[in-house]
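Colleague: Sequence:
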Amino acid sequence: MQFCMLIGDEMRKEGFDAFTADGVKSFNILLPELMSNLLHNLPGIAYRCRNDSKWTMLFISEGCYQLTGYHPGDLLYNSDRSFEDIIHEDDRSLVRNNVNNGVSQRTQFQMTYRIVDKKGNIRWVWEQGNAVYDAHNNPIFLDGFISDITEKKASEDKLSQTAKQLVELNVTKDKFFSIIAHDLQNPLYAIISLSDFIRQNNGEFGYEELLDFIHQINLSAKSAHKLLENLLDWARSQTGKITIQNERFNMHSLIQGCMEINDIHAIDKGITIINDVNKDLQMISDVQLLSAVFRNLISNAIKFSSPSMKVLVKSEIIDNKVAISVSDTGIGISRTNLSKLFKLDNDFRNLGTANETGTGLGLILCHDFISRIGGEITVASKLNRGSTFSVLLNQHD
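According to this note's numbering, the sequence shown is numbered sequentially starting from 159.
Hint data in this document are derived by calculation from the structure and do not stem from the laboratory. The reader is advised that the hints may include incorrect statements.
Stated by the list, open to error - With a Cα cut of at most 25 Å, we get these calculated DSS-like pairs of lysine-lysine:
hint : residue 1 : residue 2
1    : Lys311    : Lys380
2    : Lys468    : Lys331
3    : Lys468    : Lys399
4    : Lys472    : Lys427
5    : Lys322    : Lys311
6    : Lys437    : Lys501
7    : Lys331    : Lys437
Said to hold, decoys possible - Derived DEER-like restraints, expressed as beta-carbon distance ranges:
hint : residue 1 : residue 2 : range
8    : Ala393    : Ile475    : 28 to 38 Å
9    : Ser305    : Lys479    : 18 to 28 Å
10   : Ile419    : Arg250    : 47 to 57 Å
Model, not experiment: these values are computed from the prediction. Virtual Cβ for every residue (Gly too), placed ideally from N, Cα, C.
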């Protein structure tokens, strides 16, 4: 009624009354043009369709083309395709259920879902509508409006991703402070304490006793150095300063280099590392990231192995991909703790067989680096039976 009164007021200004016979006649002449202009300028789709399996369109406004890429004539009476066809296949049941609920409860239905436009692009839409019933209360039509919310959805997703990143950043900060406060402090404290003890008691130690002190200082220094290396790699990863630098290299040689870095640790524990990687295996990937990964995996295998055990690094081809595995027969990991690996927010750590400490940061880095180069890392382990960490990489001849 308010709409009609406003129209009437405007028509009076033009010299006729909407409530006279001439006014009504003029109004009836203007109304189709008015509605046509409104629908033409409406951003989105106004529609009337049948309540059938295809949502057969009986009327659909011109905004259809801008939103879907299809002209109204393409969808009317399912001439080229039905509206059901352009609803994303994963959302069709959602749309059906929402409409059915609205129809059965005689209420408006509202929903957000995806469509696939003529170019194959996925667009997010918001729809509101209601059923039109016949004299016997049977739903015969659906009238409604559909608007494009793709940009809004993208903004919401971006905000959600930002919120998630902030949470992860907070976890990262807490992990960093924990490492600084405990894990890095411990080896440095050991170095300071032992060196002070030696200095204060100069000349009172035998040769063997002095060598033992030096050995302990050396182990603490190596522990601090390895932790600092991982912290620096982690910092680069978290600040986005890692760029992938692909180059051709020999995988056997890369593994050999990682083994040599861990040689002293292995010799100290009487552990043998075997490089069974194909000597002719050529790869194209980021050498620095892969070196960091296998340094950590080999170091962990040594850490959790007992004297006289072996660590085996081997290669194989699986589904046209290269799998490099690092296996030990050490203490293994329980099923409960397996699910905690590679996760920053899980504070899982095990002492090594020689009471070596760790932060779990190395495995987190391995997972991050392998993901960055498009690979996968998995682990299989049983308590007291050992562990196998496998890295799956794309093969390059």
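Colleague: It remains to establish, for every hint, whether it holds in the given structure.
Modeller: Verification of the hints:
| no. | hint | verdict |
| --- | --- | --- |
| 1 | Lys311 / Lys380 | violated, 50 Å |
| 2 | Lys468 / Lys331 | violated, 37 Å |
| 3 | Lys468 / Lys399 | violated, 36 Å |
| 4 | Lys472 / Lys427 | holds, 21 Å |
| 5 | Lys322 / Lys311 | holds, 16 Å |
| 6 | Lys437 / Lys501 | violated, 33 Å |
| 7 | Lys331 / Lys437 | violated, 42 Å |
| 8 | Ala393 / Ile475: 28 to 38 Å | holds, 35 Å |
| 9 | Ser305 / Lys479: 18 to 28 Å | violated, 45 Å |
| 10 | Ile419 / Arg250: 47 to 57 Å | holds, 56 Å |
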